[in-house]
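Undergrad: Keeping their order, the protein sequence lines are chains A and B.
Okay, so the first sequence: first residue is 1 according to this note's numbering, each after it adds one.
Okay, so the second sequence: first residue is 154 according to this note's numbering, each after it adds one.
If you're looking for bench data, these hints aren't it; they were derived computationally from the structure.
Note that this is a predicted model, so its numbers are computed, not measured.
No residue lacks a Cβ here, since even glycine has one placed at the ideal position from N, Cα and C.
Do not take every clue at face value.
Listing some non-contacts, in silico: residues in chain A with all C-beta distances to chain B over 10 angstroms [stated by the list, open to error]:
#, residue
1, ARG12
2, GLU40
3, GLU43
4, ASP54
5, SER69
6, ILE74
7, LYS93
8, ILE132
9, GLY137
10, ILE141
11, GLN151
Covered by chain B, according to a simulated footprint, are these stretches of chain A (three or more residues, beta-carbon under 8 angstroms) [as the list claims (entries may be wrong)]:
#, region
12, 2–9
13, 123–129
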Amino acid sequence: MKIRFNLNGDERDVEIVGPESLLSLLRRDLDLPGTKDACEQGECGSCTVQLDGDVVCSCLVMAADAQGSTVITIEGLGTEDDLHPVQQAMLDKGAVQCGFCTPGIVVAGANLLEENPHPNELEIREALSGNICRCTGYGAILRAFTELAEQGE
Amino acid sequence: MTTKQETGIRGGIGTSALRPDGEPKVTGNFAYASDLTAPDMLWGATRRSPFAHARLVSIDVEPALAIDGVRAVLTQDDVPGEPLFGQEDQDQPVFCDGVARYWGEPVAVVAAEDEETARLAAEAIRVEWEELPPLVDPEVALDEGEIFRDMEIRRGDSTVAGEVIVEGFYETATQDQAPLGPEAGIAIPDGEGGIDLYATTQWIHVDHRQIVACLDIEPGQIRCHPAGIGGAFGAREDISLHIHVALLSLTTGRPVKMVYDRSESFVGHVKRHPSKLWCRHEADTGGRLVKVTTKLILDGGAYAHTSRAVLANGAFFTVGPYRCDNVFVEAAAVRTNNPPAGAMRGFGAVQTCFAYEMQMERLADALGMDPLELRRKNALEAGDPMSTSGQIIEGSLPSLRVLEAIEAIPLPDDNTDADPRLLPGGTGLTTPPSSVVRGVGYALGLKNLAFSEGFDDFSEARVILTPAGVEVHTAAIEVGQGLITVCQQIARTVLGTEKVAVMWDDTSSIGSAGSTSASRQTQMTGGAVHAASVGLRDAILLAHDADELRADGAYRTGALVASLDDICADGPVAHHVTFRHPETEQPDEYGQGDVHAGFVVAAHRAVVEVDPDLGLVRVVRVDTAQDVGRALNPQAIVGQLEGGIMQGMGFAVMERLVIEDGIIKNPTFTDYLIPTFMDAPAVETRIVEEGDHWGPFGAKGIGESPTISSTPAIVAAIRRATGRDITRVPVLPEDIVGI
């Protein structure tokens, strides 16, 4: 079937195959591998994208359900020449090690700060509790978002 | 970003230089092995054994081959070279060779035009099995089965007896490294009968050796390249899909990609050895250890992997960072039909640290002594003999300083007005604040650095000066820990320029850097980069009669005498080094000798809150003081300390692979629980610097320490909170409630 949705600011018409997930559509068909695939059960958050302003695990969303929606992936948040503030803070605070969780955390964290520019520590922890990081122990990520929360407008 | 300017060079050692792969990682542009593609690529999939032990009666690949889009189906009969592989002992068949020895053992692989077809075809292969009884009890295996290695350590006088004696039996469960990045690889034909392999790994040269042997191909025809790695922690030290994907590509003549899904990943890599330990600690009335006796069994699972080396670590660290003159150890790693065990962060030292630190807690209680005082009294320091091997400890070992530093971190206030989400049980809101009891526990842990027991441990590096800057070439694998940054920092400091790029070389372009494991790369590849940089600098200074190298050229008494273009007039200038650490030796028959290259010590203090009625635990905070030798990148060190603590915390209260009759019952992130942001305790870190004898600038590797003593510190805190003697990890609610 054919679906139409807004992906990182561009209207896209795509042909999808059967019971395909949004994650598979992004990674395989649309060549956007920045969204990661680590568990395909909605447990780790590495495939996090924004769907109509909500944070979702793209592995749990049927591609067909993206019809008419607005999707923002890591590729839509910033570039190496023009980093999103969340990306800059993650980089500066040493919140990136292997980096496999990083796109999901950037996407989820950017969404948090849009909805709540001054989250407290517990709000940061809760908002990112669906994103597993196996390397950092979360300390540097917390420091990155604490600084962002203090800077928010 | 503020940087500490110790060296005068921006991004040099001692600064928290940012990682060069950080920007691609935060923007999603970094290519992991699972992201790689090639034109005309096939997908591979694996068929696995559904039994922990079974005879392969027959296998019929025709139903798979009959599926449209399937290009190859391979079994053990199709392996052209050595039928067996293994890093130390070659004992594992590339595919099931007639008997499946663990649940999930590969039986066949398929290459097909797309991923779904490959998976469907793998399932379509018709396999007939005759189930056999699995041997899953390591104690039975010790008596009746096969032993990968046994060791005896005898040091001192066995007739000596202490006045205060504590004895305990301990068990540790199977922990999974659970790196977020799945096993993945792509093999691409080079058009000349060879292939280029890009796969998740910790050591491309040891992969290469095994692939070449099993494929019976000229070594130069296979090039193993580093690929983007999503964490490792030991899981990638052994072969997973490497031989399979290479063989599929050679057979089909097309690029082939394989990626394990999460459940497959759980069966597709080795685990932390489950262990059973019996310990008897004897002390005088003043609290000095006079004799320690330990028996240790590690369940190595179905194949050897690194079990022999893990066992040695377990055995040599049965006393930990404590002095004792009379030490007796019997240790064995055995073969069972459980999932194969191998390397995981801490490598044998984790299991024994849990046991000896629980013993130290019991001993403190038996003596009526403060647990910290007991540890201070027995602390092992540089110049002392290792209690097990008798080796005199060279370099630094600031055990007393890390104890002092951990004690100096203030304890948190009571959690009287905590948000209910931060109580034991968390968002389940099961625990009323009045039920919560708090405990504080300490632990000290010891680890060896780099490879031991006479292993020829080396790392090669080539440093090249070009008019555009410096290139560092190495085959060392960056798994996320920041080695690439440390190599840059070292070269910057020695060569006086910020412009340093670290290049990933494949197996055909440079020699081995050894494994990214054993806390070794900062010292080994860092040491190689340091030596190569020094060699390069000195050669340039000599050639131009100069006394200083800076970013723009060579200087004599402050004046530029040769620009980079002058220095490189005949082309880039290179220096290549093979770096080795001080030689170690094989232990004698009783485990005596200079078996280790160096040591690192860390202290942890945990604060826990427990609901003793429900057996629920919240780890409030875990603080640490870490011996680092010399801090090359403080921010990266803190990242290792915090991340390692989280894996230690997982092992203390959450992470347990449930294995019944050899079958993993929870091979998913839904059922194998890893600490999330809400579980993560607060962490305060203290870096203790005291230069070591051979690492670059006195640095030590610190990747494993944080995972070693964090676990027993948390369990000691639970013990203090509840008064219960806890003897296994992870601690389950029933251990606390006492049912």
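Undergrad: Checking a non-interface call: every C-beta of chain B should be farther than 10 angstroms from the C-beta of A:LYS93. Is that right?
TA: Incorrect as stated: the minimum Cβ-Cβ distance to chain B is 8 angstroms, not above 10 angstroms.
Undergrad: Regarding the assertion that A:GLY137 does not contact chain B, is the least Cβ-Cβ distance greater than 10 angstroms?
TA: violated (3 angstroms)
Undergrad: Regarding the assertion that A:ARG12 does not contact chain B, is the least Cβ-Cβ distance greater than 10 angstroms?
TA: holds (18 angstroms)
Undergrad: So A:ASP54 supposedly isn't at the interface. Is its beta-carbon more than 10 angstroms from every beta-carbon in chain B?
TA: At roughly 19 angstroms from the nearest Cβ of chain B, A:ASP54 sits farther out than 10 angstroms, so the non-interface label holds.
Undergrad: Hey, does A:GLU40 actually stay past 10 angstroms from chain B on C-beta?
TA: At roughly 6 angstroms from the nearest Cβ of chain B, A:GLU40 sits no farther out than 10 angstroms, so the non-interface label is violated.
Undergrad: For A:ILE141, which was marked as not at the interface, is the minimum beta-carbon distance to chain B over 10 angstroms?
TA: About 8 angstroms separates A:ILE141 from the closest Cβ of chain B, which leaves it inside 10 angstroms; violated.
Undergrad: Quick one: see if chain B covers the region 2–9 of chain A, three-plus residues with Cβ-Cβ under 8 angstroms.
TA: violated (count 0)
Undergrad: For A:GLN151, is the shortest CB-to-CB distance to chain B above 10 angstroms, so the non-interface label stands?
TA: About 15 angstroms separates A:GLN151 from the closest Cβ of chain B, which puts it past 10 angstroms; holds.
Undergrad: Just want to verify: A:ILE74 was marked as not at the interface with chain B; is every Cβ pair farther apart than 10 angstroms?
TA: Not fine: 4 angstroms to the nearest Cβ puts A:ILE74 too close to chain B.
Undergrad: Taking 8 angstroms as the Cβ threshold, is the statement that the region 123–129 of chain A is covered by chain B upheld or broken by the three-residue rule?
TA: holds (count 5)
Undergrad: Using Cβ atoms and 10 angstroms as the threshold, tell me whether A:SER69 really stays out of contact range of chain B.
TA: Check passes; 20 angstroms lies beyond 10 angstroms.
Undergrad: Verify that the Cβ of A:ILE132 lies farther than 10 angstroms from every Cβ atom of chain B, and report whether the claim holds or is violated.
TA: violated (6 angstroms)
Checked against the numbered hints given earlier, the structure breaks hints 2, 3, 6, 7, 8, 9, 10 and 12 and satisfies all the rest.
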